[in-house]
Structure formats: structure tokens, C-alpha cells
Amino acid sequence: MAKVIIAIHGLRNKPPKNLLLEWGRKSILEGIAYLGSEVKLPKMELAYWADILHGQPLSPDEKDTKSPYFIDEYYVPSRKIKKVESHIIRQRLLLFLKKIIYRIFLKKDFSLRFPKIPKKFIHNNFSELEVYFNENCETNEKACKRRDEINSRLISLLEKYKNDEIFLVAHSMGSIIAFDVLSFLAPDIRINTFVTMGAPLGAPFVLSRIARLNKSKLQEHIKLQTPEAVSKHWYNFADIKDSIAIDYKLSDEFKANKKGVKVQDFLVLNTYQINGKPNHHKSFGYLRTPEFINVLIDFINEK
Amino acid sequence: MKNSVEILSPGPNCWKTKKIIKSIERFFEENSIEAEFRVINTIDDFVKYRTWILPTIIINNEIVARGYRPSNNKILSSIKK
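For the record, the sequence lines run as chains D and S.
0 is the number of the first residue of the first sequence in numbering that gives the first Met the number 0; add one for each residue after it.
0 is the number of the first residue of the second sequence in numbering that gives the first Met the number 0; add one for each residue after it.
Isolated chain D, as found in the complex (with noise of 0.2 Å):
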């Protein structure tokens, strides 16, 4: 069985697809020859939906700053890849955190308790996520028909390599993305190894919408947990100054499939930085990382 590489990216505009799919490999192999590995990376393909809300692309012949076809964060090597540091206090500030948002936002049944301030939220900071949990087509079926192209761009490359092993890495709110299509549309679609990274899928709003799928399509008690087309594995991968991945713990909310596969929480140190100011949310920088490589390399080299 041929192996394959599929990868789904985040929010906000992007480069043209072929050149954020070769600075994204660009970054995988940095990752690799750092480790000193030499394997050779198999097919690698990108569910790019950018276009679908953002009509034209980034350029990287924008020279005016001020455009916003400006690319600001394109492809740069790491000077230096470093261990992740333990951040003990942080870490447990904000596991803190998350019990209390919990319990001020979520209630038992993991539906929300205000749910006009997340709307709100989402409203005024990521219009993307606006037109993807649209859940009233009546009135806007513009956005559900922007939905349903986003998920099916997956949906269609997943289907053509079914029969291959697949390797799903999913950027920020490509992991709401993935989540969803792999949890309730093409659950028949066999992953052996979904990766997350930045993912946002721990914050109140997102859970409160799974647990809401969840119910409605299976019609019995909510239950959070990995997708039934998560065959081996499902890492998370989070850096714990990443301010859109704030719950890095995933394996605190979602359960095991039936087949036993349950979320691996790890964090990373992103060090992806341009002209000096860091950015420790951007794929590139997680997709470099040391322990990201290793579970690629597993991947790869399994037979």
C-alpha cells in the first residue's frame, strides 16, 4: 500500500497552493535533516481552501505592505531547534483556566451557557469560522455552501487515496475541519495517522459544536472522542505559547474510538520567527518540530 501525505491548512488567506504546499515540505524536511534521518518523504498533497473565502491569493510579487496580498509570514529555515521547555507554572495556569472557562461556559451536556459571547467572539476575530459554523442555512446559504466546498476538498482527496495509508496533518482550524470530516462526513474513510497541530479544538465553542453534531447524528448520549476513521494514531501536537491551541491537553475531553486509538498530547517549542518576531502558531514552525518529524518518520518507515 502506497503511503500519503495530506495536509490541511488554517485560517486567514494563503500563498497560492503549490507554493504553500513546497514551504510547508520545505519545513518537513528541515525537521528531517536535523534529526539526521534519511528517509525519503512519500506523496504529499494539500487541501487548500483559502480560495473558497478569500477569492485571490496571497502574492509573493506584492512588494506594497500594506496590501493585503502581502505575504508577512512566508517560509524561512529555523536558526535553531531547540527542546521544548517544561513551562511547569504555565502549563498548569492554564489547565486551571480551562476548568474555570468550562464551568462558565459550558454546561453538562457540553452545550454553551452564553452563546452569544463566543458568536460575538467569532464575529469580530475570525470571519472564517463565522462562515463555517453558519448552522442556519435558511437565512445564509451562502456560508453553508462555503462549508460544504471547504469539507469537500478534503473529502474528494481523501477519497482518491482510500486506498493508500494516509498521514492527515491539520493546521488550527483545519483541525475543526478534519475533525469534522472524518467524524461525521466520510467516517467510512480509513486514516492511519491524524496529526494536529495549533489546534483550537479544545475551546468551549468548538466542543459545544462537536457534542452538537455528535447528538444529532447519532441520536443518543454525547460523547467526545477520536474519530472512528482514526485507525492507529491521532497525535496533538501544541506550543504552549501558541495563543489559538490555549487547551494543548486534548486527551482531557476526547475519549477513544473503538478501536482504542485516543489522543497523544505533546508540546512542541514552535520557533518559526520572522524579521525577529515570533510566531508560535505557524505551521511551518510546527511541522519542523523534532517529535513531529519522529511520529513522520514512524509513519514512513512502518511497514
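Among these hints, one or two may not hold up.
Pair ranges (Cβ atoms, derived) [as the list claims (entries may be wrong)]: (1) D:LYS118 - S:GLU28: 48 to 58 Å; (2) S:ASN71 - D:MET0: 20 to 30 Å; (3) S:MET0 - D:ASP50: 55 to 65 Å; (4) D:PHE95 - S:ASN60: 36 to 46 Å; (5) D:ASN274 - S:GLU28: 53 to 63 Å.
Stretch-level coverage of chain D by chain S, calculated; a stretch enters the list once three of its residues show a Cβ under 8 Å from a Cβ in chain S [unchecked claim]: (6) 27 to 37; (7) 46 to 57.
Computed cross-link-like contacts, DSS-like style, restricted to lysine-lysine with a CA-CA straight-line distance of at most 30 Å [as the list claims (entries may be wrong)]: (8) S:LYS17 - D:LYS248; (9) D:LYS254 - D:LYS16; (10) D:LYS254 - D:LYS118; (11) S:LYS17 - D:LYS39; (12) D:LYS159 - D:LYS276; (13) S:LYS1 - S:LYS47; (14) D:LYS106 - D:LYS258; (15) D:LYS254 - S:LYS47; (16) S:LYS15 - D:LYS254; (17) D:LYS118 - D:LYS141; (18) D:LYS161 - S:LYS79; (19) D:LYS118 - D:LYS107; (20) S:LYS17 - D:LYS240; (21) D:LYS2 - S:LYS79; (22) D:LYS302 - S:LYS15; (23) D:LYS240 - S:LYS15; (24) S:LYS47 - D:LYS257; (25) D:LYS248 - S:LYS79; (26) D:LYS231 - S:LYS73; (27) S:LYS18 - D:LYS261; (28) D:LYS248 - D:LYS276; (29) D:LYS2 - D:LYS62.
If you're looking for bench data, these hints aren't it; they were derived computationally from the structure.
Backbone N, C-alpha and C define an ideal beta-carbon position, used for all residues, glycine too.
With chain D fixed as given, assemble chain S onto it according to the hints.
Below, chain S without anything else, positioned relative to chain D:
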């Protein structure tokens, strides 16, 4: 035939390492599998296995899991019969 179980670990006091060893030992006992356990925490071995995820569980020189307890099926497929 004695199996070799090596655990690459940050140190002998790591609670996760202890928990994984205890669980695998119990599984081996229940299934009458002989094994020798060794906790490794030297940089040279981390470099040898190129691992950044600890603890890493190696059974008979094969990496079976990184950062978690491998499933019973995975263990069984790696042991010497």
C-alpha cells in the same frame, strides 16, 4: 525466550515511565511473557534512536510507541514467541 524492553525516559523518577512499565509488566505477567526491562536516560541513546518524544518504548530493538503505553496488540506483535 527473553524479550528486551527498553524505555527511553527523562529519568528514573518520571511518573509516566513508571506507570507505563508497571502496566506492561502486569500484561507480561498475565500472559507469561519473559522480559527484561531497562530504563535508559543517556543522551547517546536518545541520539541513537533519534527520539524527541519521551518516554519511548522499544521492544526487541523496535520502537513501538512514543510518549504513551503501546496497545496490547502492538506489544504482542513485537515480542518473541
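So which of the earlier hints does this model not fit?
-> Hints 7, 9, 11, 12, 15, 18, 24, 25, 29 not satisfied by this model.
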